[in-house]
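Asks: Each chain, written out:
2 protein chains.
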Amino acid sequence: MSASHLEALIDALRKLPGVGVKSAQRMAFHLLQHDRAGAQQLSRALDGAVMSVRHCARCHTFTDDEVCSICRDPARDVRQLCVVETPADQAALERTGSYRGLYYVLMGRISPLDGIGASALGAESLLARCEEDGLEEVILATSFTAEGEATAHVLSEGLRARGLKVTRLARGVPAGSELEYVDLSTIAHALVDRR
Amino acid sequence: MSASHLEALIDALRKLPGVGVKSAQRMAFHLLQHDRAGAQQLSRALDGAVMSVRHCARCHTFTDDEVCSICRDPARDVRQLCVVETPADQAALERTGSYRGLYYVLMGRISPLDGIGASALGAESLLARCEEDGLEEVILATSFTAEGEATAHVLSEGLRARGLKVTRLARGVPAGSELEYVDLSTIAHALVDRR
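Chains R and P, in that order, give the protein sequences.
Read in order, the letters of the first sequence correspond to residues 272 to 466 in this note's numbering.
Read in order, the letters of the second sequence correspond to residues 272 to 466 in this note's numbering.
Accuracy of the hints is not assured; some may be wrong.
[Said to hold, decoys possible] Here are the simulated distance ranges between beta carbons: (1) R:K293 with P:A346: 50 to 60 Å; (2) R:S369 with P:S275: 21 to 31 Å; (3) R:S369 with P:Q311: 30 to 40 Å; (4) R:Q311 with P:A417: 33 to 43 Å; (5) R:S396 with P:G386: 29 to 39 Å; (6) P:F415 with R:E451: 37 to 47 Å; (7) R:S390 with P:D344: 35 to 45 Å; (8) R:D306 with P:S275: 32 to 42 Å.
It should be emphasised that the hints constitute simulated quantities derived from the structure, not laboratory data.
Keep in mind the model is a prediction, meaning the values are calculated, not measured.
Glycine included, every Cβ here is placed at the ideal spot set by N, Cα and C.
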């Protein structure tokens, strides 16, 4: 196997998160043997995305435009702002079809071990955004992990100091789950927040 | 998330084997948020590989050249030919440092369910190659799966009919393993082939 272009491809595929040497080899062999058109499509898509995808000036999510389509949509409820960690979290909330307000995408979370504090996360920018007229409620939809909770805690202090109503997604037993397989901390939270 | 270029990238990443929607999203967000240089590198590597990587005229492995460096190497022993399924298998054998002969890479295996028989696999081309002067032994190093075994069986019949010595990699207990955790079929084979 004396293939410098092949080796360069395997190296480059390892830039993808969660892809080690063996996966990268398998991907490279698959593309070259069975799907060269797919490889070219991926190359073009990478170029296009690197050229065109930027952050929405209002909510910071990824978009091709100056302001994303949700922020531009006049039908969205400007009284509610939902704060999420990533565009993927935003997409999950959108798929539920049960939220009609606006978003603010942090593009990360507070993580002291990685040197990401409130300022690195752009908390100032969120607080500035929250001082706009008409906003009534900020829903903190960060993850229920230690880092997501810390992020929500820090943000809620700043937001409450500005007199805003701050809520958090409900914690509880996931739909479709059997109680005996749910972890104890979740059951304890569901018991406290029972309704 | 109204990002047509982002969606195109997520779609294209799903062409990679073993990558579903969630992984593709995670990869796209990672590249755009943290590693745009890596995305550009991957794009260039894909273009370079699609343009330049082809099959070695002698052994069919991937190479940038007409004939790969192993086939060109005058120090390799032309009396031995090792038949493997993929360039990854060839790479694994090379890493052992204990084989100095030549290779033939099938780029697949016989798989009746996928409609791949001996002719689709290019068995003719292997048999033609094996009629060259100086070849003494063909080592069948296909996988020890049902399909790999079937491939070895079909090839060995054709090769033996041409009067060649045909061997198969030894089956046995893997190095470093405790006997109680080795599957029974492996132990049975190791018992039969004891030395």
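Asks: Hints first: check each against the structure and report whether it holds.
Replies: Status of each hint after checking the structure:
1. About 29 Å separates the C-beta atoms of K293 of chain R and A346 of chain P, a value inconsistent with the hinted range of 50 to 60 Å.
2. At about 25 Å, the CB distance of S369 of chain R to S275 of chain P agrees with the hint of 21 to 31 Å.
3. Separated by about 39 Å at the C-beta atoms, S369 of chain R and Q311 of chain P satisfy the suggested range of 30 to 40 Å.
4. A hinted range of 33 to 43 Å holds for the C-beta pair Q311 of chain R and A417 of chain P, which are about 35 Å apart.
5. Hint check: S396 of chain R to G386 of chain P, Cβ distance near 57 Å, so the stated range 29 to 39 Å is violated.
6. Checking the proposed 37 to 47 Å range against F415 of chain P and E451 of chain R shows it holds: the Cβ atoms sit about 41 Å from each other.
7. The given range of 35 to 45 Å is broken by S390 of chain R and D344 of chain P, whose C-beta atoms sit roughly 58 Å from each other.
8. For D306 of chain R and S275 of chain P, the hinted distance range of 32 to 42 Å is not satisfied, since their beta carbons lie about 22 Å from each other.
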